[in-house]
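Could you slot chain B onto chain A? The hints should help.
Protein chains: 2
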Amino acid sequence: MKKIINKPENFVDEVMEGIILAYGDKVKFLNGDKRILLSNYPAKEGKVGIVTGGGSGHLPVFLGYVGQGMLDGCAIGNVFASPSSQKMADMIRACDRGSGVLCLYGNYGGDNMNFDMACEMVEFDGIETRTVRVKDDVASSPKETADKRRGVAGMVYAFKIAGAAAERMMTLDEVAAIAQKTVDNTRSMGVALSACIVPEVGKPTFSINEDEIEIGMGIHGEKGIEVRKMMTADEIAQTLLDRILEDMPLNSGDEVSVMVNGLGGTPLEELLIVYRKVHMMLAEKGISVYMPHIGEFATSMEMAGLSLTILKLDEQLKELLTSPANTPFYTNANKIPLK
Amino acid sequence: MKKIINKPENFVDEVMEGIILAYGDKVKFLNGDKRILLSNYPAKEGKVGIVTGGGSGHLPVFLGYVGQGMLDGCAIGNVFASPSSQKMADMIRACDRGSGVLCLYGNYGGDNMNFDMACEMVEFDGIETRTVRVKDDVASSPKETADKRRGVAGMVYAFKIAGAAAERMMTLDEVAAIAQKTVDNTRSMGVALSACIVPEVGKPTFSINEDEIEIGMGIHGEKGIEVRKMMTADEIAQTLLDRILEDMPLNSGDEVSVMVNGLGGTPLEELLIVYRKVHMMLAEKGISVYMPHIGEFATSMEMAGLSLTILKLDEQLKELLTSPANTPFYTNANKIPLK
Chain A
1 MKKIINKPEN FVDEVMEGII LAYGDKVKFL NGDKRILLSN YPAKEGKVGI VTGGGSGHLP
61 VFLGYVGQGM LDGCAIGNVF ASPSSQKMAD MIRACDRGSG VLCLYGNYGG DNMNFDMACE
121 MVEFDGIETR TVRVKDDVAS SPKETADKRR GVAGMVYAFK IAGAAAERMM TLDEVAAIAQ
181 KTVDNTRSMG VALSACIVPE VGKPTFSINE DEIEIGMGIH GEKGIEVRKM MTADEIAQTL
241 LDRILEDMPL NSGDEVSVMV NGLGGTPLEE LLIVYRKVHM MLAEKGISVY MPHIGEFATS
301 MEMAGLSLTI LKLDEQLKEL LTSPANTPFY TNANKIPLK
Chain B
1001 MKKIINKPEN FVDEVMEGII LAYGDKVKFL NGDKRILLSN YPAKEGKVGI VTGGGSGHLP
1061 VFLGYVGQGM LDGCAIGNVF ASPSSQKMAD MIRACDRGSG VLCLYGNYGG DNMNFDMACE
1121 MVEFDGIETR TVRVKDDVAS SPKETADKRR GVAGMVYAFK IAGAAAERMM TLDEVAAIAQ
1181 KTVDNTRSMG VALSACIVPE VGKPTFSINE DEIEIGMGIH GEKGIEVRKM MTADEIAQTL
1241 LDRILEDMPL NSGDEVSVMV NGLGGTPLEE LLIVYRKVHM MLAEKGISVY MPHIGEFATS
1301 MEMAGLSLTI LKLDEQLKEL LTSPANTPFY TNANKIPLK
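If you read the protein sequences in the order shown, they are chains A and B. For the first sequence, the numbering used here begins at 1 and goes up steadily by one. For the second sequence, the numbering used here begins at 1001 and goes up steadily by one.
Because the hints were derived from the structure by calculation, they are not lab data. Check before you lean on any hint, since a few could be wrong.
To be verified - Some chain B residues judged to face chain A by a derived CB distance under 10 Å, without partners named:
1. Lys1003
2. Gly1067
3. Val1274
To be verified - Below, a sample of chain B positions facing chain A; criterion: calculated Cβ distance under 10 Å:
4. Ile1004
5. Met1231
6. Glu1235
7. Ile1236
8. Glu1246
9. Gly1286
10. Val1289
11. Pro1292
12. Gly1295
13. Phe1329
14. Pro1337
To be verified - Pairs of lysine-lysine, DSSO-like flavour, derived with a Cα cap of 27 Å:
15. B/Lys1339 <-> A/Lys34
16. B/Lys1181 <-> A/Lys203
17. A/Lys7 <-> B/Lys1339
18. B/Lys1148 <-> B/Lys1181
19. A/Lys34 <-> A/Lys181
20. A/Lys229 <-> B/Lys1203
21. B/Lys1339 <-> A/Lys47
22. A/Lys2 <-> B/Lys1148
23. A/Lys148 <-> A/Lys44
24. A/Lys28 <-> A/Lys47
25. A/Lys87 <-> A/Lys148
26. B/Lys1285 <-> A/Lys34
27. A/Lys318 <-> A/Lys44
28. B/Lys1203 <-> A/Lys2
29. A/Lys285 <-> B/Lys1007
30. B/Lys1034 <-> B/Lys1087
31. A/Lys223 <-> B/Lys1002
32. B/Lys1339 <-> A/Lys44
33. A/Lys28 <-> B/Lys1339
The model shown is predicted, which means the values in this text are computed figures rather than measured ones. In this text, a Cβ means the ideal position worked out from N, Cα and C, and glycines have one as well.
Bound-form chain A, shown alone:
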């Protein structure tokens, strides 16, 4: 197993310690608990809290987005494993400022169950919560059963926009509605070229031949739609965009944000080549791109591959996307278009 780690069983704790040593002014543990990260940025009194949670191994998702204008807290589990409902409840309590807390996370069985339990627990303390589940992966279930879809890189847009809404002192219901609109306007799909290795398992999560690519693979190695012979960058861009637009038709004059997200092992050069084709295909349809996001936003450790996310914008979403955010691994300062 060729990974730069120490003991596999210490993987998550050491990552968390690294984050605190590097960014201890901006984020902190809740009472020393290495699985609950809270923002250290000054928060406005009465601001709605935004929290998330899920398994480790997807940096910058989720931890990297705790900070200013995005998440107030994040509970994490072992690699690809949900944190406990108890930790989620502790985090929700810590992030409530009297105006309630939005639980905004990817649609996975373990996370759903544990967050539901956590919300029940904090209800006894009089804390109001709302839940919005991100379900952007079009490959994970057909349109008829879109409710079963998994959450992938699109959750970063949801964190950003809900975070900006909360910063503007919107109410819990308003923030939840905006998060839901963002999710409804977001579609993603990915391809994988290689597997990753979960440290405590020590072998690849799946196998794929040297001349093959898996279309629609999930970020934990969930089976995709099909395995094909290796494709060109333009073919990959077309396959992903076609499938997304089939699910969420766009019209000439529409404006979108595009995320080309590296899964961990794919270089920035390749992401830009795919972005180029996506941009050209959208331009041909009269669709313009606002604030593209190209880089690693939601990974599967060292997995090679990428995902494409399209967020359909309206004026409100544009304004909230542009609103400042600063976290250890995300800032939009360099993404805002110059006038």
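The following block gives chain B in isolation, referenced to the frame of chain A:
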């Protein structure tokens, strides 16, 4: 060859087109030349120009740093190949605002020769230039012949600090002196776990066994100091830091910036585990860390591995490091410590 590309011979042009499609408000080609990128941010009249150049395949180096508060221009060649002196000269002319241009680049034979020729060419046009070569890789030559050392991730600190000095309207000699001080205070060293594939070559640049790691490898696959059996993250951190501190001793009370740079295929989690150990070892010696940089700053496409860079700070360097910078792939907005 498992890469997300189209025709290998179009690799660089398509990456450049992707950058312009994504960030065309912030950067532009010089007269449509896809190998010369210029900043589109408004520049102060009479500001010293800062330019660089080198081979492709290292994103965000170099292109990703053209923008506000860093580079004014960048000429790039094919993958791992120097751009021509003619292109460098065109770029220098475009970046001169009457106050001269600093050529700030990594110490490689081809780049040295071409930049020297370019500086001679523009001298005929009355453009003053200065040259500072980044030579931070301690593994590439012993201390006695430190002048032969290659430039690696440390060049990002030099771009940042020289860019900030130019923004403050310092003279060409002052900007060059500060860039030189930054280089003198910077040391780096890397390890590689896997090779990368140059698209037009189509096979790995070198071979390394599944249970081995190469210490001191260069970012083009230049031979390192030794090949060892795979090490733990803590052992890697210690090996790199020991070698750097042997070359540039630090004392209790010193302040440094630390860059843990992924070479392309290594996940952020592993970079954080290495940062953790480096931070702890420095803390034991009474050395504190200011504005750590953890992520991918100078890569070799999909190569797995990382490099460690230490920049010894003084008050002037700290202030310039903190000064705002915004480029498509770099901003320090989220790195500045909270008060």
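Each hint tested on the structure:
1. Proximity of B/Lys1003 to chain A holds as hinted, the smallest CB-CB distance being about 6 Å (cut-off 10 Å).
2. For B/Gly1067, the suggested interface contact is upheld, since its CB lies about 7 Å from the closest CB of chain A, less than 10 Å.
3. Hint status for B/Val1274: holds, given a least beta-carbon distance of 6 Å to chain A, under 10 Å.
4. With a cut of 10 Å, the hint placing B/Ile1004 at the interface with chain A holds, because the nearest CB-to-CB distance is about 4 Å.
5. A distance limit of 10 Å between C-beta atoms decides the matter here; for B/Met1231 the minimum to chain A is near 8 Å, and the interface restraint holds.
6. A least Cβ separation of about 9 Å between B/Glu1235 and chain A falls short of the 10 Å threshold, and the interface hint therefore holds.
7. Interface restraint check for B/Ile1236: the shortest CB-CB distance to chain A comes to about 6 Å, inside 10 Å, so the restraint holds.
8. Because the beta carbon of B/Glu1246 sits about 22 Å from the nearest beta carbon in chain A, more than 10 Å, this interface hint is broken.
9. For B/Gly1286, the interface hint is violated, since its Cβ never comes within 10 Å of a Cβ in chain A; the closest pair sits about 16 Å apart.
10. Interface hint at B/Val1289: satisfied, since its Cβ lies 8 Å from the closest Cβ of chain A, which is below the 10 Å cut-off.
11. At a threshold of 10 Å, the smallest CB-CB gap from B/Pro1292 to chain A is about 5 Å, leaving the interface hint in force.
12. Hint status for B/Gly1295 relative to chain A: holds, with the closest Cβ pair at about 7 Å, below 10 Å.
13. The interface hint given for B/Phe1329 holds, since its Cβ lies 7 Å from the closest Cβ of chain A, which is under the 10 Å cut-off.
14. With its C-beta approaching chain A no nearer than about 5 Å, B/Pro1337 sits inside the 10 Å limit, and its interface hint holds.
15. As the CA atoms of B/Lys1339 and A/Lys34 are separated by approximately 24 Å, the hinted pair is consistent with the 27 Å bound.
16. For the proposed pair B/Lys1181 and A/Lys203, the alpha carbon gap of about 46 Å is over 27 Å, so the pair is violated.
17. Using a Cα cut-off of 27 Å, the hinted pair A/Lys7 and B/Lys1339 is violated, with the two alpha carbons roughly 35 Å apart.
18. With a C-alpha separation of about 17 Å, the suggested pairing of B/Lys1148 with B/Lys1181 holds against the 27 Å cut-off.
19. With a C-alpha separation of about 33 Å, the suggested pairing of A/Lys34 with A/Lys181 is violated against the 27 Å cut-off.
20. With a C-alpha separation of about 19 Å, the suggested pair A/Lys229 and B/Lys1203 falls inside the 27 Å cut-off, and the hint holds.
21. For the given pair, B/Lys1339 sits about 22 Å from A/Lys47 by alpha-carbon distance, which is consistent with the 27 Å threshold.
22. With a CA separation close to 32 Å, the supplied pair A/Lys2 and B/Lys1148 exceeds the 27 Å bound.
23. With a C-alpha separation of about 36 Å, the suggested pair A/Lys148 and A/Lys44 falls outside the 27 Å cut-off, and the hint is violated.
24. A hinted pair counts as satisfied when its Cα atoms are at most 27 Å apart, and A/Lys28 with A/Lys47 qualifies at roughly 19 Å.
25. Between A/Lys87 and A/Lys148, the direct Cα distance comes to roughly 25 Å. Compliance with the 27 Å bound is thereby established for this hinted pair.
26. Our distance criterion of 27 Å between C-alpha atoms is met by B/Lys1285 and A/Lys34, whose separation comes to about 25 Å.
27. Simply put, A/Lys318 and A/Lys44 have alpha-carbon atoms about 23 Å apart, close enough for the 27 Å limit, and the pair holds.
28. Our distance criterion of 27 Å between C-alpha atoms is met by B/Lys1203 and A/Lys2, whose separation comes to about 20 Å.
29. Note on A/Lys285 and B/Lys1007: the hinted pairing holds, with a Cα-Cα distance of about 25 Å set against a maximum of 27 Å.
30. With a C-alpha separation of about 11 Å, the suggested pair B/Lys1034 and B/Lys1087 falls inside the 27 Å cut-off, and the hint holds.
31. Taken as a hint, the A/Lys223 and B/Lys1002 pair is honoured in the structure, with Cα atoms around 20 Å apart against an allowance of 27 Å.
32. As the CA atoms of B/Lys1339 and A/Lys44 are separated by approximately 17 Å, the hinted pair is consistent with the 27 Å bound.
33. Taken as a hint, the A/Lys28 and B/Lys1339 pair is honoured in the structure, with Cα atoms around 15 Å apart against an allowance of 27 Å.
When held up to the earlier numbered hints, the structure conflicts with 8, 9, 16, 17, 19, 22 and 23 and fits the remainder.
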